[in-house]
Amino acid sequence: MLALLKFFALSVKRDRLLISLFLLIFISSAFSIFFGGNAIAEQTQMIVAYIASSSRIIINLGMIVFIITHITRLFYNKEIDFVLSKPISRKSIICAYTLGISLLSLLIALIPTALLIAFGSLIQNTFIWFISFTFEIVITTTFAFLTSLFFRSQVSAILASFTFYIGARMMGFFYMSARYDYIYTGIDSLSKWLPQKIMYITSVVLPRFDLYTQTNWLLYEIKSYENIKFIAVQAVMYIIILHFAAFYDIEKKEF
Numbered sequence: 001m002l003a004l005l006k007f008f009a010l011s012v013k014r015d016r017l018l019i020s021l022f023l024l025i026f027i028s029s030a031f032s033i034f035f036g037g038n039a040i041a042e043q044t045q046m047i048v049a050y051i052a053s054s055s056r057i058i059i060n061l062g063m064i065v066f067i068i069t070h071i072t073r074l075f076y077n078k079e080i081d082f083v084l085s086k087p088i089s090r091k092s093i094i095c096a097y098t099l100g101i102s103l104l105s106l107l108i109a110l111i112p113t114a115l116l117i118a119f120g121s122l123i124q125n126t127f128i129w130f131i132s133f134t135f136e137i138v139i140t141t142t143f144a145f146l147t148s149l150f151f152r153s154q155v156s157a158i159l160a161s162f163t164f165y166i167g168a169r170m171m172g173f174f175y176m177s178a179r180y181d182y183i184y185t186g187i188d189s190l191s192k193w194l195p196q197k198i199m200y201i202t203s204v205v206l207p208r209f210d211l212y213t214q215t216n217w218l219l220y221e222i223k224s225y226e227n228i229k230f231i232a233v234q235a236v237m238y239i240i241i242l243h244f245a246a247f248y249d250i251e252k253k254e255f
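At position 66 of the sequence shown the residue is numbered 66 (our numbering), and the sequence of numbers has no breaks.
Honestly, the hints are just simulated from the structure, not real lab data.
Take the hints with a grain of salt, since some may be wrong.
Restricting the straight-line Cα-Cα distance to at most 25 angstroms, the calculated cross-link-like pairs of lysine-lysine (PhoX-like) are [to be verified]:
#, residue 1, residue 2
1, 6, 86
2, 197, 252
3, 86, 252
4, 78, 91
5, 6, 78
6, 13, 86
7, 6, 91
8, 78, 197
9, 91, 252
Throw the hints in and build the complete structure from the sequences for me.
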């Protein structure tokens, strides 16, 4: 497993992932300072909010593209055949990549966290934001890893992962729409009932990224920790489910 982790680290270095993400976050932070500095009031709070929001999108989308292109190249160049020719089980590959993704997510999440602390966010709350952000990156990237195993097309895997991430970010809307009590009368009752049920199923299947990594944590005191407990439990459950789904998929593949 250590050899696989080293191979994964070399891929990160070869693709210059950390440098690319750092530059993008630096550029977005510069824009955040510019736009936040022009605010009439609470300029520092605006800067922190802009940095947190932009970093969240940049890192998640960047990790999706990286992991999918990396796995696709692994199959296209027959590197996976070379790995499997060694005394390494397929499950060891999944475990190594899950661990590698987790460590990489932890490292990358430190970049915006350091910037946020430098701009005056609440330190204790920023630590909670950092943990939540790490969970979010791990879930998103592990799902991207699973889609790269499932889909033969790199484009299909990227689009599926983007859809998953955007849908998870919109979970608050889906959840509230599913809970809304419609009065089903007349010919349009089915047109109201069916979308509601679809939204309900979606809100059960996808993670609640609308509750993760909230910007208001960085600026104000956290009044309730119930959502944070929910996030921790859900994140661990999703990572385990995605991990075993990858187990199942790679065992069925023929190389």
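Hints, one by one, checked against the model:
| no. | hint | verdict |
| --- | --- | --- |
| 1 | 6 to 86 | 15 angstroms, holds |
| 2 | 197 to 252 | 33 angstroms, violated |
| 3 | 86 to 252 | 19 angstroms, holds |
| 4 | 78 to 91 | 18 angstroms, holds |
| 5 | 6 to 78 | 18 angstroms, holds |
| 6 | 13 to 86 | 23 angstroms, holds |
| 7 | 6 to 91 | 17 angstroms, holds |
| 8 | 78 to 197 | 44 angstroms, violated |
| 9 | 91 to 252 | 12 angstroms, holds |
In summary, the structure is inconsistent with hints 2 and 8 from the numbered list given earlier, while agreeing with the others.
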